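Asker: Protein chains in written order, with our numbering: chain B, 5 to 343; chain G, 5 to 343; chain V, 5 to 343.
Be aware that one or more of the hints could be misleading.
Repeated chains share a single entry, so a pair holds when one copy, or any two copies, can fit it.
Claimed, not checked - Below, computed lysine to aspartate or glutamate pairings styled on DMTMM-like, alpha-carbon distance capped at 20 Å:
id	residue 1	residue 2
1	Lys324	Asp289
2	Lys329	Asp289
3	Lys212	Glu271
4	Lys104	Asp232
5	Lys324	Glu312
If you're looking for bench data, these hints aren't it; they were derived computationally from the structure.
Keep in mind that this is a model prediction, so the values were computed, not measured.
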Amino acid sequence: MAAVVTLARRITLSGALPCRMVSPHVPCPLLLVQAGECPMTPCPHTTPFGVLFPRSSPQVWSQAAWQPPGLLSTQRRAFSNNKILVELDTSSGVATMKFKSPPVNSLSLDFLTEFCISLEKLENDRACRGLIITSTIPRVFSSGLDIMEMCGKSTEHYAEFWRAVQEMWLRLYGSNMVTVAAVNGSSPAGGCLIALSCDYRIMAENPKYVIGLNEAQLGIVAPFWFKDTFVNAVGHRVAERSLQLGLLHSVPEAHQIGLVDEVVPEEKLQEKAVAVVAQWLALPDHARQLTKTMMRKAVLDHMLAHREEDIQNFVNFVSKDSIQKSLSMYMEMLKKKKG
Amino acid sequence: MAAVVTLARRITLSGALPCRMVSPHVPCPLLLVQAGECPMTPCPHTTPFGVLFPRSSPQVWSQAAWQPPGLLSTQRRAFSNNKILVELDTSSGVATMKFKSPPVNSLSLDFLTEFCISLEKLENDRACRGLIITSTIPRVFSSGLDIMEMCGKSTEHYAEFWRAVQEMWLRLYGSNMVTVAAVNGSSPAGGCLIALSCDYRIMAENPKYVIGLNEAQLGIVAPFWFKDTFVNAVGHRVAERSLQLGLLHSVPEAHQIGLVDEVVPEEKLQEKAVAVVAQWLALPDHARQLTKTMMRKAVLDHMLAHREEDIQNFVNFVSKDSIQKSLSMYMEMLKKKKG
Amino acid sequence: MAAVVTLARRITLSGALPCRMVSPHVPCPLLLVQAGECPMTPCPHTTPFGVLFPRSSPQVWSQAAWQPPGLLSTQRRAFSNNKILVELDTSSGVATMKFKSPPVNSLSLDFLTEFCISLEKLENDRACRGLIITSTIPRVFSSGLDIMEMCGKSTEHYAEFWRAVQEMWLRLYGSNMVTVAAVNGSSPAGGCLIALSCDYRIMAENPKYVIGLNEAQLGIVAPFWFKDTFVNAVGHRVAERSLQLGLLHSVPEAHQIGLVDEVVPEEKLQEKAVAVVAQWLALPDHARQLTKTMMRKAVLDHMLAHREEDIQNFVNFVSKDSIQKSLSMYMEMLKKKKG
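Here chain B stands alone, though its shape is the one from the complex:
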């Protein structure tokens, strides 16, 4: 049904990027502009900027992955990697990204790599203006960071993994697209971060679903940029209590504290997400994008300014014998649960 794109080789680049891609991170200082206007000379959108992935060339984008399958109308394009399925409706300009990595859509390095590449492709595709993120796995949106990536690996691996987590957030929180999380399952820790990084969060009514930044429950601490993203959504006091208790909120509670914007029956979730994206896309793109940048710039800039320290801190922490021991024990426990 969907062609498979070979994963781009993971490399770290530092170079000039096209305007559309980096503008959320290095925003146009002119806040009163209209679509297509960038009067700055030189355009700040071409400022050098360190990124994880190389820019995908248009050639790659238009390869096999983009041949419309026979069953789809010509208005639909799809591509799929191993862990994420992306469908773009070119008539509406809205892509849907479906996490499909059993058992629980955990954020492994491979998953994050595919996620970032998919985001980059869509960001660079003029036909795509909006994005809905959802899951094909029953009852789980995403379980968050994959603990396997933090256990028994090299320091180089830990650094690469953490950079990928950062990159995912930078791309999603700073995306120029309208982004809507259609949260159709539980969404702890890193899964909650993905939802928080979108423009709007709709969650399916289900008494079994929970969402929250529950890192403290595991004896770890959410990084400062998880916290900043959370505070921007729910305010300081709610975040202070929720983070310290590592709370996983029920759906009504998440709605009440503003962690999700709307709750609908599960069968209405997709439809509602489409309607919300359409509402946001009714605005002129450039004005909406610059407004978004104005709101999120401080938090994005703060992370970028401390990115390398943040990686170093993570690597130092996870490399410690005591941490390795407790992570191994935790994984043993998980294995026994399954067995």
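Following the hints, position chains G and V against chain B.
Answerer: Below, chains G and V alone, put in the same frame as chain B:
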């Protein structure tokens, strides 16, 4: 009914200003003080400070405009310019400023000039401690910035206009007076900013009235200080969504999100505003003023630090051919609507 | 019932402090750590840091005060100064601190000194992980700063007093313990600050109780760090209005604006406080503590950076003849009220 004061010549001055006028912008660093106390040497309230308008001399203030008309009690003083009527009740110390510029109280350079001069006069008048802002135009509080001022004019004109918009906000958001917006009509964009810059917002119950920072709907972006003022009132998340969608909120919705503090039937609006001002005036002036400064200083200072860049950005933007073209088209559309 | 500890001589020290005591103020930069992990070299927790009180030596801690009285089980230890009774349940790790300074638990220099010493002892006691703060005085939690300390004293005394107020807040707002305020009476000004500095606030249902930062009502202004603590709890807009009006909120109102987290019947207050502490103590200490630091660090650091100026401002203010005169008049009025 009210004498007319000739508009002061618009000039740009940079000089030492009396304490009362600038203290919100250059606040006394001593936060524990009582009325009349300023122990700092030299008093920081006399710090040089760039302003749009010269200080009105006491002579001007005490001229014809202030002769009590025969029909008014000696406790009432009134002055009126072309676009704004000001009445000061010297027994209560509360002035009422009524926008009376048909058809929609749009914020032209002349309107803003009169507004700033009136604010300055009241600020410098020891008999005046509180201010109610309302409209005499049915169904409209203020429609916001006048697009005519942004179209087909010189760059000098654009700069003068934008400086006047800034000045209005600096004076109102930083006013030492108790300021209450009695919002008796719709209040988009710049009109909403005026309400947001007061200490308290009361809106008339009317299903036709709307209020909000809807700049994004017009393809433009609210300046950062509009955004900061909005965030201070409604919080980051509500502001993020409302600004990106350029939402004009109904009265109940505006109340629910905290954009207005109170909703009353239109016939009770003036009475309620008077009661609220009285409640705030029951506090010792100096303690209340310094508390206000403490709350608003960061946002006022941030704008002052970027004032000239903000003007330059506006001028660059509005001078572009493409922007001029779309503004002309927009005005043509408005003319046809009326015709 | 409880042994009395002689008050430590009040002195000002600047020296290296043990990690547990200062970590909230000089937090570990590594946000992803587990209990006992501090991979930084040199450990930032030993950074020199100016404090009011010397560290209590273990000898003092284990003296007579800690001999279990015959009637108490061996799981209870108690110590009492003149103004505060402290009981530590070593089985649960939860201490209860009871203000017992008639008539209204006002925050005199002696009270603050005992408060800080008690906090320090508990902070350094590995058996203590949680703290409940409440009052033994009917209908009053704490009436706030003692005006007697600001009247007719030397400038040295004013400085010492203000440093003690600061120190109390630094220790409580930055405490590593789980702190719950069981507010069983009215709590204006400094009393409200104590509640705000805890992790959670439970207030007894009583139509006569009020709580708020009402400094403006007295013609003075809450210091910036009172304001910052308040904003972190209730948000900018609510704080702006409440502080300017010097509002004392009823219990339901305090709950509604988020100034208290929960309201219970007075007879359930202690039981509820114990349950809440237990909920917070279920989390791994170190993860919870670092999360708390992450949330409160900016506000604590801002005060520390301006601590000496803040003292100087207070001393300058309170030393003025006019202020001394109004404080004397205020105290005369209070005396007549009682007579």
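Asker: Next step is simple, just say for each hint if it's right about the structure.
Answerer: Hints and how they fare:
Proximity of Lys324 and Asp289 under a CA criterion of 20 Å is satisfied inter-copy only: 19 Å between copies versus 47 Å inside one chain copy. Proximity of Lys329 and Asp289 under a CA criterion of 20 Å is satisfied inter-copy only: 19 Å between copies versus 49 Å inside one chain copy. Taking the shortest Cα distances, Lys212 and Glu271 sit within 20 Å of each other inside one copy (16 Å), while across copies they are farther apart (35 Å). In this homomeric assembly, Lys104 and Asp232 never come within 20 Å of each other (Cα to Cα): the closest approach is 28 Å inside a single copy and 40 Å across copies.
In this assembly of identical chains, Lys324 and Glu312 lie within 20 Å of each other by CA distance solely inside one copy; the values are 19 Å within and 40 Å between copies.
Checked against the numbered hints listed earlier, the structure breaks hint 4 alone; every other hint is satisfied.
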